[in-house]
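Asker: These protein sequence lines are chains X, W and A, in that order. Sequential numbering from 1 applies to the first sequence in the working numbering. Sequential numbering from 1 applies to the second sequence in the working numbering. Sequential numbering from 1 applies to the third sequence in the working numbering.
By construction, these hints were calculated from the structure, which means they are not laboratory data. Take the hints with a grain of salt, since some may be wrong.
As the list claims (entries may be wrong) - Simulated coverage check for chain A against chain W, where a stretch passes if three residues somewhere in it have a Cβ under 8 angstroms from a Cβ of chain W:
{"#": "1", "stretch": "4-15"}
{"#": "2", "stretch": "19-30"}
{"#": "3", "stretch": "58-65"}
{"#": "4", "stretch": "72-78"}
{"#": "5", "stretch": "91-104"}
Keep in mind the model is a prediction, meaning the values are calculated, not measured. Cβ coordinates follow ideal geometry from the N, Cα and C atoms, glycine included.
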Amino acid sequence: MNDNDPIVLAMQVKEIVQALELKVYSGEEGLDREVSGAYVSDLLSDVMGHADTGQLWITLQTHKNVMAIASLKDLAAVILVAGHKPAENTVEQSNEEGIPILGTLLSNFEISGRLYELIKNR
Amino acid sequence: MLVKEIIEVLDARLLCGEERQDYGVEVAFASDLMSDVLTLKDDHVLLITGLANMQTIRTAEMSDIHCVVFARNKKVSPEMIELARENDIILIECRYSMFKTCGLLYGSGLKAIY
Amino acid sequence: MHFEYNIEGGDFTRAGYASSQVKKLLKKQGVEMSVIKRTVVAAYEAEVNVVAHAYGGVMYVDLDDRQMRIVLQDTGPGIEDIQQAMEEGYSTASDAVREMGFGAGMGLSNMKKNAHELNIESEVGKGTRVEIIMQIA
Ligand SMILES: Nc1ncnc2c1ncn2[C@@H]1O[C@H](COP(=O)(O)OP(=O)(O)OP(=O)(O)O)[C@@H](O)[C@H]1O
Ligand SMILES: [Mg+2]
Numbered sequence: 001m002n003d004n005d006p007i008v009l010a011m012q013v014k015e016i017v018q019a020l021e022l023k024v025y026s027g028e029e030g031l032d033r034e035v036s037g038a039y040v041s042d043l044l045s046d047v048m049g050h051a052d053t054g055q056l057w058i059t060l061q062t063h064k065n066v067m068a069i070a071s072l073k074d075l076a077a078v079i080l081v082a083g084h085k086p087a088e089n090t091v092e093q094s095n096e097e098g099i100p101i102l103g104t105l106l107s108n109f110e111i112s113g114r115l116y117e118l119i120k121n122r
Numbered sequence: 001m002l003v004k005e006i007i008e009v010l011d012a013r014l015l016c017g018e019e020r021q022d023y024g025v026e027v028a029f030a031s032d033l034m035s036d037v038l039t040l041k042d043d044h045v046l047l048i049t050g051l052a053n054m055q056t057i058r059t060a061e062m063s064d065i066h067c068v069v070f071a072r073n074k075k076v077s078p079e080m081i082e083l084a085r086e087n088d089i090i091l092i093e094c095r096y097s098m099f100k101t102c103g104l105l106y107g108s109g110l111k112a113i114y
Numbered sequence: 001m002h003f004e005y006n007i008e009g010g011d012f013t014r015a016g017y018a019s020s021q022v023k024k025l026l027k028k029q030g031v032e033m034s035v036i037k038r039t040v041v042a043a044y045e046a047e048v049n050v051v052a053h054a055y056g057g058v059m060y061v062d063l064d065d066r067q068m069r070i071v072l073q074d075t076g077p078g079i080e081d082i083q084q085a086m087e088e089g090y091s092t093a094s095d096a097v098r099e100m101g102f103g104a105g106m107g108l109s110n111m112k113k114n115a116h117e118l119n120i121e122s123e124v125g126k127g128t129r130v131e132i133i134m135q136i137a
């Protein structure tokens, strides 16, 4: 799997939700968005600069700008790790944009590891 | 997992700690937020991060973390390397994204902290 | 024993120097590793807070056979609502601070968890005083 080129996985957000048993906090409308890969980062400017369209953003960052960036970069969904929960206005934004916010109790490392296993052979 | 195995799996470059490549890590943690790293209680932790500045090294020093992988092709400064050497911290530079770095190490059997 | 270290607001290259000196000192005293870690994590979080949120300050360290007392006194904006500031996730960190890897809003709760005793006093517009007390033997 090439790291930086957007690739077509032919996989939707909801399939990943199911496979990794993720919690859906908001943005249900976007569950059939196509996923091109994933980007792990807790630095907002890094995501602005380097994430690609259609990627899942894995982070523990709950800053209020998270949804603004997800929308600008046209990301498929945001996965909050380690049980972090989105703020109320973040949930609203996610619903408006139709970009789901998902959650897991697992850490950045473990959820990334499992997702990588899941999509590497696609 | 030994340092030399990590380097091989990630096709990475060792920046300092040449003499300690038989050092073994037991668990991995990936984060760019230093206060998050400072909550860890485990020993023999591998820190995977995309944050490359002096505070990354300071945080490792305070948390007794002895091995750090910089993902995303981050450039590590000579000052960082010097501080890492003083504190027996092994630094590894890798060109993959955090996602791929975590994926490859997890796939090689390295365990997460929680 | 008494030591003092200046802390420069905004200087993220030097942040952590004082806490590093504390670590060396405790190691030399032969203090138990787990206590050293708790002490320096609390001290480092407090030191970074001065760098990230205040204009400048001093870390005062006092050590005897039984305890270490670390006081960080800064000049800066102060903290309006200390209880709110202690909440995990609460942060007013600037974008610049966030790009340095801080601003998760976890520092004060880390300090609370690690210090044997933590006292914070603050005056808005003047500054903040953080006291960390550790039993080392
Ligand atoms: N010395 C200080 N002077 C002024 N404000 C402070 C000071 N220390 C803390 N604060 C305030 O308290 C808030 C919470 O502090 P805390 O250390 O928990 O989180 P943070 O510094 O924002 O992020 P993190 O510590 O996770 O990197 C800060 O965002 C800031 O508003
Ligand atoms: Mg802080």
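Asker: Are the hints correct? Go through all of them and say.
Answerer: Against the structure, the hints come out as follows:
Counting residues of the stretch 4-15 of chain A whose CB lies closer than 8 angstroms to any CB of chain W gives 4, which reaches the minimum of 3, so the coverage claim holds. Only residues whose C-beta sits within less than 8 angstroms of a C-beta in chain W count toward coverage, and the stretch 19-30 of chain A has 3 of them, enough to reach three; the restraint holds. Taking a C-beta to C-beta cut-off of 8 angstroms, the stretch 58-65 of chain A contributes 0 residues in contact with chain W, too few for the three needed, and the coverage statement is violated. Here's how the stretch 72-78 of chain A fares: 0 of its residues keep a CB closer than 8 angstroms to some CB of chain W, so the rule of at least three is not met and the hint is violated.
Counting residues of the stretch 91-104 of chain A whose C-beta lies closer than 8 angstroms to any C-beta of chain W gives 5; at least three are required, and the coverage claim holds.
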